[in-house]
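> Chains F and A, in that order, give the protein sequences. The UniProt record's numbering puts the first sequence at residues 1 to 336. The UniProt record's numbering puts the second sequence at residues 1 to 235.
If you are wondering where the hints come from, they were derived from the structure by calculation, not from laboratory data. There may be inaccurate statements among the hints.
Ranges between beta-carbon positions, derived for each pair [stated by the list, open to error]: (1) F:VAL290 / A:LEU169: 50 to 56 Å; (2) F:LEU276 / A:ALA132: 38 to 44 Å; (3) F:ILE296 / A:LEU121: 42 to 48 Å; (4) A:GLY6 / F:LEU134: 55 to 61 Å; (5) A:LEU121 / F:GLY288: 51 to 57 Å; (6) F:LEU279 / A:ASP127: 55 to 61 Å; (7) A:GLU184 / F:ILE295: 46 to 52 Å; (8) A:ALA132 / F:ILE295: 20 to 26 Å; (9) A:SER69 / F:PHE297: 37 to 43 Å.
Part of the chain F face toward chain A, derived, beta carbon under 8 Å [to be verified]: (10) LEU183; (11) ARG186; (12) LEU189; (13) ALA190; (14) ASN193; (15) SER194; (16) ASP196; (17) LEU197; (18) GLN199; (19) THR200; (20) ILE201; (21) GLY202; (22) ILE203; (23) SER204.
Treat the numbers as computed from the prediction; the structure is a model and nothing was measured. Just so you know, even glycine gets a beta-carbon here, dropped at the ideal spot from N, CA and C.
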Amino acid sequence: MAAFFNQRNVIALLVLFSVAFPFITQNEYFLHIMTLSFIWMIGVYGLNLLAGYTGYLSLAHAGFFAIGAYSLGLLTVKAQMNFWLAFVLACLITSVVGLFVGLIALRTKEHFFAIYTLCVGYIIYLVIDKWESLTEGVRGLIGIPAPSNIGPIAFDNALSIYYLVLTILLLVILVVYRIVHSLNGRTYLAIRNSEDLAQTIGISTMKNKLTVFVLSTFFAGLAGALYASFVRFIGPDIGSTAITFDLLTYLLVGGIGTLSGPIVGTIIIVWVSQQLQFLQDYRMLIFGPVLTLLIIFYPRGIVGGVVDWRHKYQEKKNRKLSVNSLVKPEKQVKEG
Amino acid sequence: MLKLNGISVKYGSYTAIQQVNIEVEKGDIVVLLGSNGAGKSTTFRTISGLNKPFEGEIEFEGQSIKGRSPDRIVQSGVVQCAEGRKLFSDMSVQENLRMGAYVHRRKKEQIKQSIEHVYELFPILKDKRNDAAGSLSGGQQQMLAIGRALMSKPKLMLLDEPSVGLAPLIVEQMFEVIQQINKEGTTILLAEQNANAALKIANKGYVFENGSIVVKGSSDELFANEEVRKAYIGA
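For reference, chain F alone in the conformation it holds in the complex (with noise of 0.2 Å):
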C-alpha cells in the first residue's frame, strides 16, 4: 500500500485529478475558485524560488503581481495591444523591474531584505493608486479582454480557461522542478546555507541571486498577468501588501524551500477561507493560532512536517530490523 504511493504516482494522481476537476463537479464557482488557485500558486511558486531556495524573504511580490496584471491590462485595453503579444510584454516588463529593484535590494541582505522590499511593494501601490492618468486609481482597469484565440482554440468559457491556467501552472512546476534539481538548485540552497561559504567556493553570490530574482518576478508578472485576464477587472488592491502576506502564508503553511509546498497551502487555505466564509473577518480569528502553532511546530510548513514524519518512521523501522536480525545491525541502518 505504502509503496503505491510513492513520488511519481502521487504526481500523475494529481495531474489526472486537476485534468479531470472540470467533470467531477459541475459546479461554476468551484471550477473559478480552483482556477484562481492554479494562478497564486503561480506566484507562490515564484515567492518560494527566491525565499525557499536563497533564503531572501521578498515582501514585494504583490507589487510585481500588480505590474504584471496592470501592464496585460494597460496594453490591452489602453494600447489596443493584441492579447498574447501584450501578455508576454506584461511578464518582460515586470521581469524588467525586477531586474532593477534586485540590483539595489539584493545589496542587503535578512530582515533589512524584507524591509526593503516591503517598502518597494508599497510604493508599487501607491505608483499605482495615484498615478490616475494611467491606471485610472481606485477606479481600477474595466474590460480587459479574454485571452485571444490560439488557432482554433478559443478561450470563452471557464473550461477553457480553466485548462489553459493548468497548463501554465504545470508548465510553471516543471521549469521550477528542473531548476531545483539542478547544480543552480544546489548553489541556491548553498548561497542559503552561507552566502560566505558560498562565495569560498567561487560561486558568484550576486549573479545567482539576482537570476533568482528576476526568475520570481517573471512568475509573479505571470500569475498577475493570468489574474487580469481572468477575472477581468483590476483595482489597486492587487498589489496591497495583504495579497503579499496572502502568498507568504499559502507558502509558510504549505512548506517553504519545499517543491509541492505551494500547491498544498495554497488549495488548503483557499478552500477552508472558502468554507468558513460565514464566519467573515472572524476567521482570521481561527487563522491566527492556527497559523503561529503550524510555524512553531512545524516551520517547514505541511510538506516538510510530512517529509521530516517519515525520517522519523523510517528510522525507526530500520532500528527495529537491525535489533530483530542481530546480524551486521549496521549495515541494515545504512541501506535506510
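Please build the complex by placing chain A on the supplied structure of chain F, with the hints as guidance.
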C-alpha cells in the same frame, strides 16, 4: 607566489590586522601562528576577497588580486578551507564535493577524476558518499572540507585551523594528508594554534599577536625561538 604588502583591515573603527607582510613561495607550506582573535582568520578572509583591505596590496602570481570578487579569486587558483568545517550540511558528501568544483562545473570528466582523487586521499568519505554531510563526525567533516577545497584544483590552499577540536590521532592524519597535498603541487598557507604539529611540516612561519606579525622565520628558527616555544609549544 602570494605577497601581502602592508595589509590593514578594519571592522568599522576597530583595526583587525595592521601592516601585515606575508610572502609565500610556490611549493611551500607556510604557517600562521597565533591565539584566537590575533588576526589569522581576518588575513585569510582578506586574501580570499571576503574582506576588503583598508590599505596595502595583495599579489598572486605577480598580479594584484586586491578588490577582486571572491569567486574570481577562486577562479585564479586561491581557495579557502574555512575554519569550523563549514559544510553544506543538508547535502550529501558527494554533493558537497561537486559544489567544490563549481568553478569547473562544465568539465564533467575532470570533476569525476577529482572526486576519485579525494576518495583516494580520504577513503572514509567514499563509504559515506551518500550520507548527509551534517551526519559525519568532526574529523570526517574536516576531511570533507579539505576535499571540497581540493575540488577547485587550487594552486594555493588556505587552511584555517584544520586541527581544531579533533582527537590527537586524527590531527596527525590530517597533517599527513596536508603534506601529501603539498607534495602533489599545491602550495599551502596554514593557520594553526597547534604550533608543534604545524611547524613540523612547514617551511616557514609567521606569528600573529593583536593583529600584527611579531615574529617571522623558518620553522627551525621559530622552533628555537624562546618566546614562541613558551607561548605556543609549551616547553
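> Hint by hint, say whether it matches the structure.
Consistency of the hints with the structure:
no.	hint	result
1	F:VAL290 / A:LEU169: 50 to 56 Å	holds (53 Å)
2	F:LEU276 / A:ALA132: 38 to 44 Å	holds (40 Å)
3	F:ILE296 / A:LEU121: 42 to 48 Å	holds (44 Å)
4	A:GLY6 / F:LEU134: 55 to 61 Å	holds (57 Å)
5	A:LEU121 / F:GLY288: 51 to 57 Å	holds (54 Å)
6	F:LEU279 / A:ASP127: 55 to 61 Å	holds (57 Å)
7	A:GLU184 / F:ILE295: 46 to 52 Å	holds (50 Å)
8	A:ALA132 / F:ILE295: 20 to 26 Å	holds (24 Å)
9	A:SER69 / F:PHE297: 37 to 43 Å	holds (41 Å)
10	LEU183	holds (6 Å)
11	ARG186	holds (6 Å)
12	LEU189	holds (7 Å)
13	ALA190	holds (6 Å)
14	ASN193	holds (5 Å)
15	SER194	holds (6 Å)
16	ASP196	holds (6 Å)
17	LEU197	holds (5 Å)
18	GLN199	holds (4 Å)
19	THR200	holds (5 Å)
20	ILE201	holds (5 Å)
21	GLY202	holds (3 Å)
22	ILE203	holds (5 Å)
23	SER204	holds (4 Å)
Violated hints for the displayed structure: none, as all numbered hints are satisfied.
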